[in-house]
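Asker: As given, the protein sequences belong to chains S and Y, one line each in that order.
Here my numbering runs 1 ahead of the position in the first sequence, where the first position is 1.
Here my numbering runs 82 ahead of the position in the second sequence, where the first position is 1.
In short, the hints are calculated from the structure, not lab data.
Honestly, I wouldn't trust all of these hints.
Stated by the list, open to error - Partial list, computed: chain S residues near chain Y (C-beta under 7 Å): (1) A62; (2) R66; (3) R106; (4) Y135; (5) E221; (6) F224.
To be verified - Anything over 12 Å on all C-beta distances counts as not near chain Y; from chain S, calculated: (7) V12; (8) P45; (9) L58; (10) G59; (11) Q73; (12) D89; (13) D123; (14) L165; (15) A171; (16) T178; (17) L184; (18) L200; (19) K204; (20) R223.
Quick reminder that beta carbons are idealized off the backbone N, C-alpha and C, glycines included.
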Amino acid sequence: MNGEQQPLGAVPLRLWAALAISLALQVVWQASRPAPSFSARDLPPAPRPYALRLASLGESAAAARLLMLYLQAFDYGGANTIPYQKLDYDRLIEWLRAIEDLDPRSDYPLFSAARVYAENPDPAKARAMLEFIYEKFLEDPNRRWPWLAHAALLAKFRLKDLALARRYAASVQRHATAPNVPLWAKQMEIFIAEDMNELEAAKIMLGGLLESGKIRDPEEARFLQRRLEELERQINKPLSSKSLR
Amino acid sequence: MHPVSTIARYVLIEARRSALPWLALVAIAIALALASFVSRVAITEGQQLRAVTGAALLRLCAVFFVAVHVAASMVRESADKTMDLVLSQPVSRSAYYIGKLAGFAACGALLSAFLSLPLLLWSAPAAVAGWAFSLAAESVLVAATCLFFAITLTQALPALAATAGLYLLARSLAAMQAIATWPLVSKRPLQEFAGWAIDLVGLLMPRLDAVTRSDWLAYGLPAAADYARALAGIAVFIALVTAAGMVDFQRRNL
Numbered sequence: 002m003n004g005e006q007q008p009l010g011a012v013p014l015r016l017w018a019a020l021a022i023s024l025a026l027q028v029v030w031q032a033s034r035p036a037p038s039f040s041a042r043d044l045p046p047a048p049r050p051y052a053l054r055l056a057s058l059g060e061s062a063a064a065a066r067l068l069m070l071y072l073q074a075f076d077y078g079g080a081n082t083i084p085y086q087k088l089d090y091d092r093l094i095e096w097l098r099a100i101e102d103l104d105p106r107s108d109y110p111l112f113s114a115a116r117v118y119a120e121n122p123d124p125a126k127a128r129a130m131l132e133f134i135y136e137k138f139l140e141d142p143n144r145r146w147p148w149l150a151h152a153a154l155l156a157k158f159r160l161k162d163l164a165l166a167r168r169y170a171a172s173v174q175r176h177a178t179a180p181n182v183p184l185w186a187k188q189m190e191i192f193i194a195e196d197m198n199e200l201e202a203a204k205i206m207l208g209g210l211l212e213s214g215k216i217r218d219p220e221e222a223r224f225l226q227r228r229l230e231e232l233e234r235q236i237n238k239p240l241s242s243k244s245l246r
Numbered sequence: 083m084h085p086v087s088t089i090a091r092y093v094l095i096e097a098r099r100s101a102l103p104w105l106a107l108v109a110i111a112i113a114l115a116l117a118s119f120v121s122r123v124a125i126t127e128g129q130q131l132r133a134v135t136g137a138a139l140l141r142l143c144a145v146f147f148v149a150v151h152v153a154a155s156m157v158r159e160s161a162d163k164t165m166d167l168v169l170s171q172p173v174s175r176s177a178y179y180i181g182k183l184a185g186f187a188a189c190g191a192l193l194s195a196f197l198s199l200p201l202l203l204w205s206a207p208a209a210v211a212g213w214a215f216s217l218a219a220e221s222v223l224v225a226a227t228c229l230f231f232a233i234t235l236t237q238a239l240p241a242l243a244a245t246a247g248l249y250l251l252a253r254s255l256a257a258m259q260a261i262a263t264w265p266l267v268s269k270r271p272l273q274e275f276a277g278w279a280i281d282l283v284g285l286l287m288p289r290l291d292a293v294t295r296s297d298w299l300a301y302g303l304p305a306a307a308d309y310a311r312a313l314a315g316i317a318v319f320i321a322l323v324t325a326a327g328m329v330d331f332q333r334r335n336l
């Protein structure tokens with residue numbers, strides 16, 4: 002304790018009581034409020050890219066990633082059984098576009114677009130997101146091919162739109178020409194046309210991504226592994242119920 | 083010992099005895115906690131997210147601590163007449179000013195080096211070293227700017243407000259210039275004038291958006307020539323603000 006201060010006992014009891022009561026009031030007041038969560042309708046319109054750039058004070062890499070964390074909180078928490086179902090996808094795509102403009106070298110917006118938002122059960126929303134991925138792929142095909150390759154799988158297995166899947170696959174095959182692109186991606190049209198189920202295709206794709214060194218981040222590897230396990234569970238579920246019968 | 087080094091040494095002793103080292107430790111603890119939080123909610127780029135958010139926070143802390151320390155120290159020295167006492171000795175005003183600046187600059191550089199250490203957990207050592215050196219240069223610039231304002235304005239709050247204003251402007255000026263040249267902006271005379279005014283201000287400002295960038299930790303340092311050019315701009319501004327401060331200090335009636 003500092004020598005310039007009086008001992009604690011020098012403070013009158015009524016002041017201690019006032020402090021204790023106000024502290025208890027503060028804690029009770031805050032505890033009584035519902036836990037904050039962003040619902041779908043809370044998503045505001047995306048800011049202009051130049052406004053984001055100005056607000057980021059030159060820290061565009063940090064701002065872009067923090068904005069992605071902010072964005073992924075919408076329509077996800079609380080008692081939400083189907084995340085992102087109610088989200089306005091036009092607005093969401095504008096946000097992703099603005100964040101991608103802020104830091105074009107970050108993979109976060111396209112990773113989320115392909116692996117999270119495009120897996121929406123609503124076909125119209127999924128299609129809108131796949132088109133966004135396609136648009137962004139064309140700007141830097143040798144780096145962004147994994148997202149369009151995943152989009153091709155989603156088009157084939159989730160949307161059951163083989164024509165769309167072939168269009169994306171052909172685009173990967175034509176534009177992704179870097180030496181580190183795996184063979185299956187360079188022959189994406191054949192890969193899409195092959196008669197295999199979604200799990201087999203996803204496993205080949207994930208293996209290829211790991212082999213090509215595209216996935217170095219542990220969080221990303223864990224996330225993709227979890228997704229693969231979920232897919233495995235979904236595909237095996239009807240099979241096991243059939244075998245039980 | 084030369085008066086400049088004696089004054090600089092006492093500035094460093096004062097900084098060591100202040101709350102600055104403890105504040106630096108708290109800043110590191112908060113940066114580690116923030117990094118841990120963001121990595122829990124990130125689904126990809128977790129390592130980069132930790133590095134860039136931690137770096138952005140530590141950069142702000144370094145700059146804020148240096149500015150507050152300089153302003154508080156100079157105003158206290160002026161209020162308790164230590165400055166008058168030192169200048170009554172055979173010490174020139176220039177030596178006093180340079181001594182103070184050297185001390186604050188060393189303090190800023192040491193603080194920057196210390197605050198950069200946690201970034202080694204998430205980024206390559208070469209990138210962290212480049213970032214830390216740039217942060218040290220930025221801290222010296224803030225120290226020089228705050229010293230100028232503290233000497234000129236003689237009060238802590240105006241000095242801090244002026245330093246913060248200049249710092250924020252220097253970090254956002256490039257974005258403002260880009261906005262002013264946006265092709266869809268209507269070219270009315272007032273907008274034209276605003277564009278020129280921003281360009282004119284840009285001639286007198288350092289480009290702080292080009293230094294200590296957190297994306298260096300995520301994607302690697304820029305080309306050596308770009309890095310050197312960015313830091314040379316900082317050095318030029320430090321020379322300008324130091325010269326301005328010394329001119330003002332020479333003219334002041336003590």
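Asker: Can you list which hints this structure breaks, lowest number first?
Answerer: Going through the list in order, the structure violates hints 4, 9, 10, 11 and 20 and respects the others.
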